[in-house]
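Engineer: Single-letter residue listing:
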Amino acid sequence: MSDTPILSIRDLTAKVADEDVDILKGVDLDLFKGEIHAIMGPNGSGKSTLAKVLAGHPGYEVTGGTVTFHGDDISELEPDERSQAGIFLAFQYPVEIPGVSIANFLRTALQARLEEGEELDLFDFQDELMARMEMLEMDPSFAERPVNDGFSGGEKKRNEILQLAMLRPSLALMDETDSGLDIDALQVVSRGINRLHEENPDMTVLIITHYQRLLNFIKPDKVHVMLNGRIVRSGGADVALELEEGGYEDYRTAEAEAIAEAEAEAQEA
Amino acid sequence: MPVNDTIQDLGLDEYKYHFITEDEPVFRSGRGLNEKVVREISAQKDEPEWMLASRLKALEIYNAKPMPTWGGDLSKLEEVLDQIYFYVRPQEKMERSWDDVPPSIKETFERLGIPEAEQKVLAGVGAQYESEMVYHSLKKEWDDKGVIFDSIEDGLKNHPELFREYFGTVIPAADNKFSAMNAAVWSGGSFVYIPKGVELDTPLQAYFRVNQEQMGQFERTLIIADEGSRAHYIEGCTAPMYSTESFHSGVIEIVVKPGAHFRYTTIQNWSTNMYNLVTQRSLVHENATMEWLDGNLGSKLTMKYPSCVLLGEGAHGSIMSIAYAGDGQHQDTGGKVIHAAPNTTSSIISKSISKGTGRSTYRGLCKVYEGAVNAKSNVECDALLINDTSRTDTYPYIEIEENRSNIGHEATVSKVGDEQLFYLMSRGMSEEEAMALIVRGFIEPIAKLLPLEYAVELNRLIELEMEGSVG
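Listed in order, the protein sequences are those of chains S and E.
Residue numbers 1 to 269, in the working numbering, belong to the letters of the first sequence in order.
Residue numbers 1 to 471, in the working numbering, belong to the letters of the second sequence in order.
This is chain E alone, in the form it adopts within the complex (with noise of 0.2 Å):
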């Protein structure tokens, strides 16, 4: 099937998303990554002494680790790093106006039917955002449960024993090349704490509390949720990423204590320049949940595996993710589970989407340690081709140490069919259409599990990228 260049005519697929602004930073550092950086930053940030120290070590191992030679193709990454600056401090007010915003930017908006008020907001104009009041009602809620939700340098700031106890204790700086580096310049991101007990009803966004601040590049998120709490976090929208750097590497640590449940929903869509290198890993302990919602689209690359290890005694792992790859984008991503102990139990769920030259690779460790008894893991991974040129590849790598166990593994590849879109369009719809329902529905088992205004943000995004999808 022929590719379309109405995709190009609507500039969607060549830097989609994408726009530069003139922002005049308050402080930048040089580019490349050095010591000298890695000082500036934890000076600006005003740190104590030992996170200083902390972000150096992670330099010298940053330095000393090889660039990873498996995954998604790094080799012009080097070139990248050396042009990007480290670290830009958000400038006090936000000085983009509206109007300043390109009109595709606002149709592409318009026709995800996200609130003006939003809009701005997402497209870094907004100061005020209406469901303000939201927020705080919210805030005052969570404050009277002892709920803490912070930026990382507040947490790091207000709560240091607490930060000190876990932080860098589930992703170690030294756990790969991309970790080590986010350890080193880390900056944005959330600190989390829900107490003993706690069971918040409505999620904690990001949404909330980044929008004054934006996303950084290297974005560090810490959750501690205790013992018997219950909540849920979201991470991004499926709104676009608008980003001028072309890297991004976050550090999600979460750690589950027993009992507790926690789920975190993360939905990007970066725009197609970006590297974007991403470790997430939770320390699930026992009688206790942990689910990853993940779903990636946009960017060059993504190589992402959201973890869960399985410490305690019944603990449980699942993670159910989306990926999406269009024209050239490589979107290499899965997850891990590891078993070390009795009775625990995971899941996998991962579907992918490749258009055009899009390439999406499922890569998933599912790890029994000796000891696990009764562990039972169950992967499933599904693939979806759309054009001729697109490819999917499976990685499952299994580690089974312990027999009394039970890993299940299914994997199935198929390509949108020449009989469904006949199908489809002997009913009236166009091939556009046609092909954006097949998508909707592929990926309708993990859709309907995300909070319903992102599954209708994520189903019209899904709309707007079948279009010229077919010739």
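One chain only, chain S, in its complex shape (with noise of 0.2 Å):
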């Protein structure tokens, strides 16, 4: 691992392009290459509006803070511009592309990684295609059905990660990716990002998951806690463990009351 972190948030602050009021209200976090991280939070806590804007939702909007990613500032990128950086947003809810299959929605996402001029080898993608299928037991058949059209659950949570797999990013953010799975999902999910981070160790990953459950089958080697759009605590995977014991309460009560003595100071000063 380097001494520079690869993702570098500072006081990140963001809201709802429409809306006045800041969700995420000075976020800090530092990502080193290859390291899992997980952040956990309770719903509206703004873990979700974290990956949003690192992934450069336009719904969103930045209101202070920076975003450095591989030493570069990148909020002014476009989301097309974060993915070919090395983003990777696996969507919590993966979005209906009626009439596109798989394969060609891979193939031109592949495609608009290479220079003008570059053509994709197709019998390489293909062959690469159905190889990581098979890792994440998808009938070759999901190739040919249209990007999430009339999908399970964890069909569309599946193609997420077949996705991660073939656009090989170096940052994966998963965005609740255990949500509406059940275990046998879970596992093979969960096997899926294991296997492309032991392929692939550099690869860093942050985890936004509201259960501890995944991180009984991933590994995270810091855990995160999140609440009201800050981050409360941070620590190792024991933080999880805290979590599954205590819930949520003991940060709430510490968080309102680190919020009352900032008010207090602001009203002194």
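Hints listed in this document are in silico derivations from the structure and should not be mistaken for laboratory results.
Be a bit skeptical, because a hint or two may be false.
[Claimed, not checked] The calculated DSS-like cross-link candidates involving lysine-lysine, where the alpha carbons are at most 30 Å apart (straight line), are: (1) E:K257 x E:K145; (2) S:K156 x E:K415; (3) E:K65 x E:K367; (4) E:K415 x S:K15; (5) E:K448 x S:K156; (6) E:K196 x E:K376; (7) E:K177 x E:K157; (8) E:K196 x E:K145; (9) E:K140 x E:K157.
These two chains come separately, so use the hints to put the complex back together.
Structural biologist: If you want it as structure tokens, here you go:
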């Protein structure tokens, strides 16, 4: 692991584009090459917002702070530029694209990464696609189905992991990848992520989850607790276990105290 | 979503694919439409008396009929019609040269991936077409089977009885104002006859035939598919149609005899100053099948509703259409199915895309006459809006006189969603690539029915059209 983080977030604040109130209220986070981090938090804590902001979702507006990726400020980059720079977001709610097969979709995405005039080798592509689908226990016919159209929850999430495998990002943001999965699907998906991380130990992974159970299958190097738009606790894998036992209540109390303190300070000043 | 200026920079939206050539026609009628013009056309074509009489009668009908007030905006059309030449006989020899074709047009061809030999033909400068050999061997096959595939003028000259038996029987001059106009001044188009029981594997492509004649502004096509025959006719192509004129009004008549199976595919991409008002209709006899596959791109206003009149028991009609309305364009399209016999079935699938200030209208009719028991019809129309300024309307007319029938209608309107775009862009596609992929997916159910080369061209064209669709 190198000394400079591949992703560095400083005092990041962000809001929904049409609204006034910040959802992210000053997030600080450093991810080093190859690390697996998990951000946990209750609904509405801002963890999914963080993932979308990092991927450049146009529905959110950054109101302050910085995000550097591989040392470059990415706050002005479009989502496609971020993707090409190596950021991948596995969606919590993958979007349906009727009439576009998974194979066609992935081909277009990979072709978009090539220089003008360069053509994707379709035979290599096909071989890799089939191998990756096998790894994720997907039937080969899956490649010809329209993207997420009529998919079950589990199929959608597998499809996200398939894209992760095919696009080989340096940073994978997994937004509630475990939601809506039964235990079998959860195992397949987490095996897939582990396998990809073994193949490419330089790949950095940020897992965003509400529940601890995904972390039974994927061992994080660090766990952060997010509450009300801030990271309120960071530590090792044991933090997840703390949460499992105490829930988010302890943190809520701690945070309320911190806020009261900050407000009191502000008033004094 | 703001509309980018780049499309104007590329010159693709404004007078798209449009260029002007200094042609010197052998014969040109005066401006506007009158009896003198009609007589001149008929004389130039050396037609029999009955055809002249038919043209003159049609002119009377045209003059008597008011301009339609439904559909698209035709309020400026009178001015256009006063200015146009209703007949220009093609030059004996092409005088344009490839060097005269503007680089921008050549680039469009390049980007559509059209081979150079075909580009020349499309640009109207090709006297020699490399697939001429292909054409000749096909022509021999057709001749051997007794298939007639001629220009409409040669059809009248060489097969006068067959011609007269069917001409104007599917779409009489009095059908509507523009069918009357066409019947008065028609010029160019195809005459096709498929004999009983003959099946053709290779589509009849108007493209082969018209490469040296150029499509007329008032094209007239008459097709007779005799009993038990099977054929596919392809008209136009996705490559842009060049016309210095701003009005096109075709009439396509098709007779599908008992047990025959006929498909008519047309994809047209008109320059954006064009009024394109076309009447296409087929009479479908007992146990016969008629399929219209219709793609409309470009033009200022297109009004076109391919129709199937299901005359015989067990007849089947199918209409599938794609319409693309870019900035300032109005595609008023759809289809009509008329069930006039028992056990007839039909389906209409219509997909439209509106971009920028484009407007697409689905206008369809499903009519079931009393006695057409067990008639089944299913209509599905889907509209896709690209920008907030894009518009779509749906006018499904359903007239049912027979209770023992089953009619279904489904309409959807969707807007290219921000979430869809974000999803695709987060995989590395540019906004334009993402948009093009969504649109391609939308038309896929119809595009997959096209011959491969057409589908490929259509996809490339959609990509070109999507450039500048985003800001």
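Engineer: So which hints don't hold here, by number, going up?
Structural biologist: Violated hints: none at all, because every hint is consistent with the structure.
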